[in-house]
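Sequences are here, hints too, so could you generate the full structure?
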Amino acid sequence: MVPRKLLPERNVVVYYTKFDEFKEELERRHWDEELTNFLDNKSPKQMRVRGHLIMFDEDTLNTFLKTPVVVEKGETLCAYSRFALLMPDPQELAAKLCIPGRGFELNADGQPLKILRKNMTILAQTWSVLSFSNLIPTSHTSDVTLDKAKLIYGIIMKMDMNVGYLISH
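With our numbering as the guide, the letters of the sequence shown map in order to residues 1 to 169.
Hints listed in this document are in silico derivations from the structure and should not be mistaken for laboratory results. From a predicted model like this one, the values you see are computed outputs, not experimental measurements. Any given hint could be a false lead.
[To be verified] The calculated DSS-like cross-link candidates involving lysine-lysine, where the alpha carbons are at most 30 Å apart (straight line), are:
#1 K96 with K66
#2 K118 with K96
#3 K118 with K158
#4 K73 with K158
#5 K66 with K18
#6 K23 with K66
#7 K66 with K158
#8 K23 with K148
#9 K18 with K158
#10 K96 with K23
#11 K148 with K66
#12 K18 with K96
#13 K114 with K18
#14 K96 with K114
#15 K114 with K158
#16 K118 with K23
#17 K158 with K96
#18 K148 with K118
#19 K158 with K23
#20 K73 with K148
#21 K148 with K114
#22 K148 with K158
#23 K148 with K96
#24 K18 with K148
#25 K96 with K73
#26 K114 with K23
#27 K118 with K18
Below, the structure is given as structure tokens:
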């Protein structure tokens with residue numbers, strides 16, 4: 001008989017992570033299945049379905065994605081649209097999107113220009129990847145402009161938004 005050392009059992013503790021928060025918000029918005037691989041790169045108003053070119057608009061997209069546009073009583077725009085029209089405080093955006101001590105890169109006039117991806121929290125980076133590939137397609141992903149930062153902030157803050165409008169425009 002060969003002597004063997006016995007190893008004690010190891011307990012595994014599963015922690016709640018930012019990816020769990022990302023997954024929950026993705027499912028809450030019903031983006032988990034329908035949004036993946038949705039866009040055709042031809043035009044923002046059409047897509048190919050089984051070889052046929054189909055025209056679409058924001059209402060059709062919202063119906064397909066199961067994302068109704070929620071407009072509060074007395075308002076004409078959804079919460080994110082109202083927020084996006086404002087000039088939010090860049091420090092507020094940076095506080096939510098960036099790791100502590102980091103923020104916007106400034107232009108020559110001292111105005112906020114962009115947030116480098118390396119300065120963003122993991123949750124903000126994750127949402128930026130989804131938004132860059134599906135909501136506002138772009139191949140430039142090394143930083144986030146002020147407008148894109150507003151979008152990511154709106155998603156993280158769970159603001160109701162017109163997803164069909166974002167995709168079609």
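| request: Could you check the structure against the hints above and give me the numbers of any it violates, in ascending order? | output: Result: no hint breaks.
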